[in-house]
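J.: Assemble chain G onto chain F, guided by the hints.
Residue-level listing of the chains:
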Amino acid sequence: MPRAGGPPLIEFKGVSKVFGSGPAAVPALNAVDLSIDRGEFVAIMGPSGSGKSTAMNILGCLDAPTSGTYRFMGVDVGRLNRHQRTLLRRRYLGFVFQGFNLLARTSAVENVELPLVYRGTPTTARRRLAREVLARVGLEGREDHTPGELSGGQQQRVAIARAIVTDPAVLLADEPTGNLDSRMSLEIMNLLGRLNREQGITVVMVTHEPDMAAHARRIIRFVDGRIDSDASSERAA
Amino acid sequence: MLVEAVKLALQAIRRNALRSFLTVLGIIIGVGAVIGMVTIGNGTTARITADLAKLGTNLLFVLPGQVGPGRASSDAKPFNNRDIEVMRAQLTGVQAVAPVAQKSVPVIYGTENRNTVVTGTDSGYFVVQNWALARGRGFHEGEERAGRAACIVGQTVRETLFGRTDPIGETIRVHNVSCEVIGLLEAKGQSSFGTDLDDTVLMPLRAFQRRIAGNMDIARVYVSARNGVDTAKVQTGIERLLRERRNITPGKEDDFSVRDMKQVVQATAGATAVLTGLLGAVAAVSLLVGGIGIMNIMLVSVTERTREIGIRLAIGALEEQVLMQFLVEAVVLSLFGGILGIALGLGLAIVTTAALNVPFLVDPFIILVAFGFSAVVGILFGYIPAHRAAHLDPIQALRHE
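Protein chains in written order, with our numbering: chain F, -19 to 217; chain G, 300 to 700.
Chain F with its partners taken away, still in its complex shape (with noise of 0.2 Å):
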């Protein structure tokens, strides 16, 4: 349901990745069109190697197209340089990773804190936040534990409070629960849910399981670098 006016938060064009040049190159994506407006909560599904990890780099400003445009809040990514990139991601978006990927032997706070070092908010104003952020996925009192002491489901809530401490407008999981038990995956899908639903981040998920899919609002499936269906899921519905 695209919000009246404005152009719709992620839009791609015919957007096309090859790997590789000549005969041995290899094509991720094939002219995919593809468009997610804000608030949204969508799961992009499909087998490996059907393109779905270079959509999310591409949507993650980590990676440009060959062809085709990536339009994001209606800016033309492609015509970006990296440090612009580099720029627009820290800004906008937010990441968490299948493996977590904290920062070892540092503290909960310290890896949330992190994005903010970077953004240059002073210390006290970052400490903060990042309490806060850490209190509101449900880490109160863990703060000052690494990531070594802290169960996968909980790493992955550092992670999540990471992605979201700058307050990005989209939060991109690649497998969040991809390491994790059920009851752990549910807790986190919960998470993302509520973030979501309360917070309006938008919550773009790559997952391979239909039982974390189904917590999505949409579901996009990849087969073959191409989008093979794009449907509200049934829960959703």
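Source of the hints: derived by calculation from the structure; they are not laboratory data.
Note that CB positions come from ideal geometry on N, CA and C, so glycine has one too.
Take the hints with a grain of salt, since some may be wrong.
Stated by the list, open to error - Short derived list, chain F residues pointing at chain G, Cβ under 8 Å: (1) Leu42; (2) Asp56; (3) His63; (4) Arg69; (5) Arg70; (6) Phe75; (7) Phe77; (8) Val97; (9) Arg198.
T.: Chain G only, in chain F's frame:
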């Protein structure tokens, strides 16, 4: 941003405390070696210069023959008693003249004996050597003229021969000559070249010539210039006088040489300074090796932390922020090394200078140089790894195991 970079660097260093220490060990040893060598060298130079100056910078040595590079110490004839008399009578601007004739002979007291250098000289010796008596008296003029066997002993000779006995008035045998001890010299310690100056016995020149040496030769003459008189002028006077006395026709070379103590001091100080510089240069090479060590470890660190760098880039670190972080880390590491190295070098110098009994002189300039150099090492050898880290592809970096 720099403050943040320093904080991040300190965090990273603390997280890898042991490895960080091993990394900077090269710098610590390098800086320590430079500081230690130069400080010890400076102390030694100062000590030698001071020692030589103590001998008197107004001192001239007169030796028979030409000595120097490429010339054999010659068979030119030695000086004689008449030369000394004439020098005393005719030279101007002179404070004292002292003849020196020496021989190493056994000296016996009771059951104790010791081989020592016996010097035949006269009262002028105490003036030119600036050497006072601890006890007893010097030579009388009568003793000098008559050639009476009277002795003045140094502290080392007193210790070995007499122990606790008072030597004054005792009789010792010097090369089978009975000799009354009339005085005891003050302790002078070691010369800069390590010889024991107190291991000596002085006798009137005539007694020495007749009863010990068996000839009238004088091996060398010490001349001290009067205060405020240019030693070069005295040197010219000595040369003119001796050429005349030794019948050297104009145009022929001197068959004696006159050495100015001042030149000896300068030459020796110059030589030790060169040696210090050389040692410092060798030590500086180890600093370079230390720098390469830092680069090596930083490269390993970048590879090891590829994933961490990927995380940082993905969550919004700019290339220059990552570059800065790794560069600052290298610089902080090498500055740590520099500080520890300076402490090590100074500690080493304190212990060594105390052991060598030379002054401990800290040169703030060399400390500044060592500190600056370690910072430069950090920047130079940290740049390549930092650049590599900053230009990693975040997608690849995040996939890195």
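J.: Looking back at the hints listed earlier, which ones does the structure fail to meet?
T.: 2, 9
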